[in-house]
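Two chains, two frames, some hints: make the complex.
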Amino acid sequence: MAIDIPRIPLGDWIEGGLNWLTSEYSVVTRGISRVTETGINFLNDGLMWLPPWSLLAIITALCWWVANTRLAVGAAIGMALIWNLGLWDPMIQTLTLVVIATVVAVVIALPVGIAAALSERLYKAIMPVLDFMQTMPAFVYLIPAIPFFGIGSVSAIFATVIFSMPPAIRFTTLGIRQVPVELIEAADAYGATRGQKLVKVQLPMSLSTVMAGINQTIMLALSMVVIAAMIGADGLGSEVWRAIQRLRPGDGFEAGIAVVILAMILDRVTQSLRKSGK
Amino acid sequence: MSDNRNVKIRVRSLSKVFGSQPKKGLELRDQGLKRPEILDKSGQTLGLSNIDFDVHEGELLVIMGLSGSGKSTLIRCLNRLIEPTEGEIVIDGENIPSLKEKELLECRRRHFSMVFQNFALFPNRTVRQNAEFGLEVRGVAPDERRDAAQKSLTQVGLEGWEDAYPNQLSGGMQQRVGLARALANDATVLLMDEAFSALDPLIRGDMQQELLALQHRMQKTTVFITHDLDEALTIGDRIVLLKDGEVVQIGTPEEILTKPADDYVRRFIEGVDKSRILTAESAMRKVRSTARHTDGPRTALRKMREYSIDSIYILDQERRLIGLVDADSASQAYEQGKDKVTDVMTQEFRTVKRDEPLHNLFAMFHDNHFPIAVVDDDHVLQGVVVKGAVLDELAQAGEQ
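Residue numbers (this note's numbering), protein chains in the order written: chain H, 1 to 278; chain E, 1 to 400.
Calculated directly from the structure, the hints in this document are not laboratory data. Hints are all accurate, no fakes.
Heads up, simulated SDA-like pairs for lysine to any residue below, C-alpha to C-alpha not over 25 Å straight-line: (1) E/LYS220 to E/ASP230; (2) E/LYS303 to E/LYS387; (3) H/LYS275 to E/PHE122; (4) E/LYS100 to H/ILE184; (5) E/LYS8 to E/HIS216; (6) H/LYS200 to E/GLU162; (7) H/LYS200 to E/ALA164; (8) H/LYS275 to E/PRO123; (9) H/LYS197 to E/GLU103; (10) E/LYS102 to H/ILE184; (11) E/LYS303 to E/THR351; (12) E/LYS286 to E/PRO357; (13) E/LYS23 to E/ILE75.
Here are some chain E residues pointing at chain H (derived, C-beta under 7 Å): (14) ASN79; (15) LEU81; (16) LEU105; (17) ARG108; (18) ARG109; (19) MET114; (20) PHE116; (21) ASN118; (22) ALA120; (23) ASN124; (24) PHE133; (25) GLY134; (26) VAL137.
Since we're looking at a predicted model, the values are computed, not measured. Glycine included, each C-beta is placed from N, C-alpha and C at the ideal position.
Bound-form chain E, shown alone (with noise of 0.2 Å):
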């Protein structure tokens, strides 16, 4: 599905060897080594070996690993903040570790914006000249700076903090201005390094929740490292595994939790993969609000908005479901004068069993975006699961 999307960066062949004869480690490696044995033959440390993956346009891609694993530097290669000791990594027909020095900042001002683990502000200028910093080093005039500046505070919800300094704000409003900073300067690739690794739970969620509807609003290609499987799962369009400098696995969070590569993803999502066990019951909410079949188009629409959901199930007098109507054709059947919401309604829902396993679930979220309806033996309606839920449902379990 996101293979026909157009690659924005191609990263081939990556390598990293810290060390004085970085050549030397690579030698070592295509020998067979591993990380430590090389570290004893040579004294090269092999941050990174042989990385292939795109970053698609327009996707939220993560890198995940746990410390060590060389996320941290894999995300520095990408705009050379380290130098990278073989490989290609290809943005927009730019092949960045051959660029020259000029180039590459022009490179790095067009293409690449970063958020960093420890907001990085500059601790002498209020948030305002944060967040205009990279237009200031790019050249731009200082009125539309400012104004591209001032856009990017009120889209993270900063405005009235302009003149304020970095250290007269709480954690997560300093990453706030990380954000600004990274959103005003309107590069193609925002680089997210960690970036609410520092925060609290409550602050951290908050956050992710702003940084997925700003990028369903943005659509900016974004690079995000974390070491947060949780995290990983909640935000990422696609995972990116990291073990010991070595890519594990690629694929969505769905692909990862169920198709676990090997006994290292199997042992990371452990925790997480209690979906054998869990049952379509963990991730049920109860239903808001229903339509009954005797109810007219207008009712249903009414009920939709007042729960702000965008389908509603349809019960007969027995609580029995008989159907599914959505906004859109309940709002077509009021103009066209239908008074009974069951004239609509469609049968182009999902619906399980109490007990039926979490990770069925998945396969029917992917041709079907309604809730998944449960019911029990005599068909009445008992709750709705929805996608998020599942998700969150087994990263929870991940946590105990």
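So that you can see chain H by itself, here it is in the shape it has in the complex (with noise of 0.2 Å):
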């Protein structure tokens, strides 16, 4: 049922600012679109460069290192399985996409994370921005990201960011604010500076949690790039979206279990970073 007023025209506004973004700033986002794809293009080539069972023997070797045998043993399984299902391909692109959506997130996270902790104002106003960013509909972003960034992966990359970026923030700031306020004390006691204190006892202090953070981040990556191929990012996630299209579920599964195989390497890797303290 409609109310007597007239209706307010939110969509427009936020239409109207995103298109004057767009012209006024097509420089910058020219410029942003041209280095990122360079970077994606540069990772991707690399990676597709090396043969696949080098690479397999690569992450087997690093899991092996961070964590454990049975995990190295779990992560050469599934790596052959995409290997063999022929979607070794989109899984590279896919896993460059979550490096670099991650790497992005993470180098705005973190300064804008510390700044949280230290300031109280500042995270007054940022908490709100976060709870936006993280519940709003992730297909949401892909929206502006076109007029921004046009179709393809670049525009995958920013809306990826964007929706990965708040566990990052959340749980850096977490973490510096859960160091014991006894340390701060004799840190304080022994006259240590702003910076000594944040380098010497917080940040070091935080580090497990603000890994837990980034642990998150690369899962939320993970599963936006895979959305992300609505606006054409190539990876695992055209697959299952070509499969969707041509109604064929089994082609469909073999992409989501590739996407499955993906995302628990990555996790228990990070999980292992952060626990081992490596």
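Spelled out as structure tokens, the structure:
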């Protein structure tokens, strides 16, 4: 039922704002676009250049080094299955997007998280923004990404960074705020400056929590990168997308299982990194 | 006695109000209101009110009070971990509350080391790196701070543990690291915030003794916070007694025990203050060794050495007390070739009967450091009382 007052044109305002941003800052968006694209191509080509067996061996060795033999064996079997299914190249494309999106998200999130931990005002300002970023349905970010960066991987990265950044910020802030008051007092009592306190006490003490946030970011990035197939991002997501359009559940599940394997490897590796402190 | 020593820290009319309108709290205080009324009227908590005291150079000052007395707030005001609301804290001519941020950092680095109740060691740093922390933030060169840390770790008996992490150590050892961190810094004042309260009683007693030994060696000005009267009596040169954010009494352990300022102190030491019914007998120890009137100085010296004592009582055939000789005069006599200890013995000691009230013994220790001899009606030696034993006895009585 409509109410009597005129409808607030909220959507129009947002669109107007976005259009203005797109036209005014096209130089900026085009620049970002070019840099990101170069990065994506570089990493993608690099990973593709390695023969599958050697990348498989590297990842297995990495799993064994940071975690244990069980994970290494599991990772080897999983990767071999992806290779066997003919999903190797899409998997590499997905991995590339996840890695780049995560790096960008973390590079932005760490300083913001630290600043929010140290300033109560910034903390209060930033928390609702994070809530907004996290609860807004992920698909919505895809729409403005297209006018900004066009169809393709750069838009996917943009949407993924926005969607996956909040946990890295939150956990960084949380980690620093959780450092026991006594340790802060001890640092203060011995005359540490703010910088010394941060570098010598707060950051090392919050490392494990920050890593937990990065783990979350990676997981969210992976899920978003798959969804971003809808705006033309290559990778496992586009395999799923194609399977939907052709109504081929078998293909869909194969690609889906490849996503699960990739997710489990990324998750276990980052978790072990956190626990072992390597 | 301690008043003619130099004043290291002068605290004058120091007050702290917790809350959003501290001035309001102070106004109400000046109108004569007490802590609960101020809280009711204004929502401000009066943490400390008009605190005055001095810390003398080289003394161990204990600030004692129950929880809520403001003692933790007080020690944190000294190095401004908590901002005082008003008042002066002057250390070597600098008024700490009026320092700018940079000057404050400098002042903390130069003047204050701190030991915390729950150790507050950095779990990601080794024992050595913890001990180096103060020097590290000061920008001391790695070699130099390593040496200083090593020295202080040796002082607290932790050599061999340099590369361990705090969570690998027992509570007592962790607090030794805390102490080493404070000593390595070589600040002029050592602040100890309930430093031994988290330790179990046996370890605690050891740490108290070690602190006393360190204090004796280094003469470091120390402010020690505790809620434990026993601890305060054992280690304090002087005690500042706090109640509800105000000073109730300042004095030596003896003064607090014998001349309590008011009913609060009296109740506080009530358990302890059994001195009026306790007698010399209760604090009396068996004599470890005595010399005979026929002994030569060499024999007396040997007995003293054997029992690690520095004076010995001399008895006649009937075990009657006839004098005392200390190690110095005995060795002089030996060098001068005298062959009787009775030639060099002194009468400069106190004798009491078994039923002498314990509190009377305090005064006797003021002008005389020899153990007090306890004798019976025939002047036969029954035992001796040493200074520490009097306090021990009182403190133990307080626990019951």
